[in-house]
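Q: Spelled out, the chains give:
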Amino acid sequence: MKLSQYFLALLCPIILLSSCKKSADEVTADTKSSFSIEFENQVNGSPLVLNTTTYKNAKGEDFKINVFKYYVSNIKLSKADGTTYLIPESYFLIDASKEESTNITLKDVPTGDYIKIEYTIGVDYARNFAGAQTGALDPINGMFWTWNSGYIFVKLEGTSPQSPATGNALTFHIGGVTDPNNTIRTFSTEINAANPLRVRTDGKPNMHFKVNAAALFTGKTDISFSTLYLTMGGVNSVIVANNYANGLFRLDHIHN
Amino acid sequence: MTVFAMLFLSIALMYACSKSEEEVTPEEKKITFSVPSNFPAPVYNFEDNKLSNAGFTLGKKIFYEARLSADKSVSCGSCHQQFAAFTQLDHKVSHGVNNCQGKRNTPPLFNLAWQKAFFWDGGVKNIETSPLNAITDACEMGTDIQTIVTFLKNTAPYPDLFKQAFGSTEINSQLILKSIAQFTAVLVSGNSKYDKVMRKEGSISFSSSELAGYNLFKEKCISCHAEPFFTDFSYRSNGLDLLSADEGRSHITGVASDFGKFRVPTLRNIEYTSPYMHDGRFYSLDEVLEHYNSGIKASTNLDVQLKTGIPLNITEKEQIKAFLKTLTDHEFIKNTLYSES
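First to last, the sequence lines map onto chains A and B.
Its first residue numbered 29, the first sequence is counted upward by one per residue in the numbering used here.
Its first residue numbered 3, the second sequence is counted upward by one per residue in the numbering used here.
The reader is advised that the hints may include incorrect statements.
[What the hints assert, rightly or not] If you want the ones that stay clear, here's a sample from chain B, every Cβ over 12 Å from chain A, calculated:
no.	residue
1	33
2	66
3	159
4	204
5	244
6	300
7	332
[Stated by the list, open to error] In the BS3-like style, the derived pairs of lysine-lysine whose C-alpha atoms are separated by at most 30 Å in a straight line are:
no.	chain 1	residue 1	chain 2	residue 2
8	B	336	B	319
9	B	336	B	63
10	B	74	B	63
11	B	198	B	31
12	A	126	B	155
13	B	52	A	135
[What the hints assert, rightly or not] What follows is a list of derived Cβ distance ranges for each label pair:
no.	chain 1	residue 1	chain 2	residue 2	range
14	A	217	B	256	28 to 36 Å
15	B	158	A	217	50 to 58 Å
16	B	75	A	195	28 to 36 Å
17	B	157	A	115	32 to 40 Å
18	A	90	B	100	37 to 45 Å
19	A	223	B	45	46 to 54 Å
20	B	311	A	195	43 to 51 Å
21	B	157	A	157	26 to 34 Å
Don't read these hints as lab results, they were simulated from the structure.
Beta carbons are placed, not taken as given, at the ideal position from N, Cα and C, and that holds for glycine.
All chains should be modelled from the sequences, with the hints used to inform the complete structure.
A: This is the structure we're talking about:
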């Protein structure tokens, strides 16, 4: 037996073993922990109460909200040194009628101080056209269009005396990912470097966002319910998405 | 000795590396997804939905389960009938629960694994999610996913079938849709006389009128009804109406130049899929050919190739019809593997 043959035989399993392993993520931190985000749903600073409370849009028109649901996905955190961490499989559906959905937990996040958070309001392009999904993306949640594949990113239903629709209904189903009517919007906010998001093995911080449902109707274009009271994707959905892109979320504080 | 041990180890590791092969039950015919040699690579390849006999069996059972619909009378198989290549025979437009009439003609179901988009307007983008509309449409099955999940959870033998197919009694919409796709994506129709001639199988050849029809077809139809699927999967108007009652493609794209355009339909098994067109307006191939000969309307988005129609004399029509009938795949239509058993 030649020595080289021994080597070959040895090499074989080593190569095979290493090829077996899934290519590791580029995460370098060796410790991981979790943090949570609370989404406090409001309308212009008052608590969001479904079905009963009357609010006013920027045009001074009265409206009530019966349904308010939205997706937050692809949450990405940045450190001061510029490194970022995209939380894998981060898809969350926040539903104002389900208290437990308004507080989400992000697990297995590399420990460290984060000074910026960004996420998609809605669902990324690929998942809109992917095969059957489960969890937050399960079509059972009523946020998937069955006749025009894709998710409803933000759903607000309610009533306004100004709406000419049957029952004075307001139907805002915002979604669509293809140009010219792409409604995917990314929200990002800096975190005060003096009080960053401190993910620690012994500390699980909570970020508190205020969410203003009325942001759908103001910002870039003040919407009057007498003319825009129903949209399910398309040009009008883009108007609404452009409104809420910056105004929907505001980071209020962090409990470290 | 050591060399042998090492070699053995490496072989063992190689084995562990490769995905565990499916256990083949000897008595049962193994369900396979086979790509005919004259077809390109499929779009859907079961990568995230491993095909198994148990998954196929479950999907097929759900496909033929009428108790899923609101009035327990309509299954997928009511509108997608095997003897009609999985379209609904004799129905201009789909016929669902409570005798409700839908707005579009039911498309046949085969070779779906090669489609990138579904429905006449291409609104649905994945084979797995394409049953959802029928399930929830008030006019088709008139139910909702939650009701179906609950029904399947509480109805034997479904929990067992899910266990066999996916290794757990968990039932959710994802697994339901994946099992249905194991049935619908396996429906491959590629054994028509045309295919056998193309693949030069045995001594099969076209008759002289079939051959003449094929040549006419290549000259006049193939730019839209492209081989081997007899559609190029594009959206076009073939001049059915001056003003289409159905928006068609523009309903999805919102683009005015797509108004009144529909997916070019496959012509495979066309002998069995009447009535024809998105609204099922024509009952016979003669009517269809006469439409191309003399009935084309100058709709705003009429395809440029059809501006002057497609003149066809009686002989040419007969020859084209003879060719179209070579696209019938009797083995597919009669395959008991796909039948409600």
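Q: It remains to establish, for every hint, whether it holds in the given structure.
A: Structure-based check of all given hints:
No Cβ of chain A approaches the Cβ of residue 33 of chain B within 12 Å, the least distance being about 19 Å, so the stated non-interface status holds. Listed as outside the interface, residue 66 of chain B is consistent with that label: its C-beta sits roughly 20 Å from the nearest C-beta of chain A, beyond the 12 Å cut-off. Every Cβ of chain A is farther than 12 Å from the Cβ of residue 159 of chain B; the closest lies at roughly 22 Å, confirming the non-interface assignment. Residue placement check: residue 204 of chain B keeps its beta carbon more than 12 Å from all beta carbons of chain A (closest about 39 Å).
Distance check on residue 244 of chain B: its Cβ is at least 25 Å (rounded) from any Cβ of chain A, clearing the 12 Å threshold; non-interface status holds. Distance check for residue 300 of chain B against chain A: the nearest CB is about 28 Å away, which clears 12 Å, and the non-interface claim stands. Against chain A, the non-interface label of residue 332 of chain B holds: every CB pair exceeds 12 Å, the least being about 32 Å. Among the hinted pairs, residue 336 of chain B with residue 319 of chain B is consistent with the structure: their alpha-carbon atoms are about 28 Å apart, no more than 30 Å.
With a CA separation close to 18 Å, the supplied pair residue 336 of chain B and residue 63 of chain B stays within the 30 Å bound. Straight-line distance between C-alpha atoms of residue 74 of chain B and residue 63 of chain B comes to about 15 Å, which keeps the hinted pair within the 30 Å bound. Taking the CA atoms of residue 198 of chain B and residue 31 of chain B, the gap is about 24 Å. The hint holds against a cut of 30 Å. Distance check on the hinted pair: residue 126 of chain A and residue 155 of chain B sit about 24 Å apart at the alpha-carbon level, within 30 Å; holds.
With a C-alpha separation of about 29 Å, the suggested pair residue 52 of chain B and residue 135 of chain A falls inside the 30 Å cut-off, and the hint holds. Checked against the hint of 28 to 36 Å, the C-beta distance between residue 217 of chain A and residue 256 of chain B comes to roughly 32 Å, which is consistent with it. The hinted range of 50 to 58 Å is satisfied by residue 158 of chain B and residue 217 of chain A, whose Cβ atoms lie roughly 52 Å apart. For residue 75 of chain B paired with residue 195 of chain A, a C-beta distance near 31 Å keeps the hint of 28 to 36 Å intact.
One distance hint, 32 to 40 Å for the beta-carbon pair residue 157 of chain B and residue 115 of chain A, holds here, with the actual separation near 38 Å. In this structure the hint that residue 90 of chain A and residue 100 of chain B lie 37 to 45 Å apart at CB holds, the actual value being about 38 Å. Range check, residue 223 of chain A to residue 45 of chain B: Cβ separation about 50 Å, and the 46 to 54 Å hint holds. Evaluation of the 43 to 51 Å hint for residue 311 of chain B and residue 195 of chain A yields a pass: the beta carbon distance comes to about 49 Å.
Checked against the hint of 26 to 34 Å, the pair residue 157 of chain B and residue 157 of chain A passes, with Cβ atoms roughly 32 Å apart.
Comparing the model with each numbered hint stated earlier shows that all of them hold.
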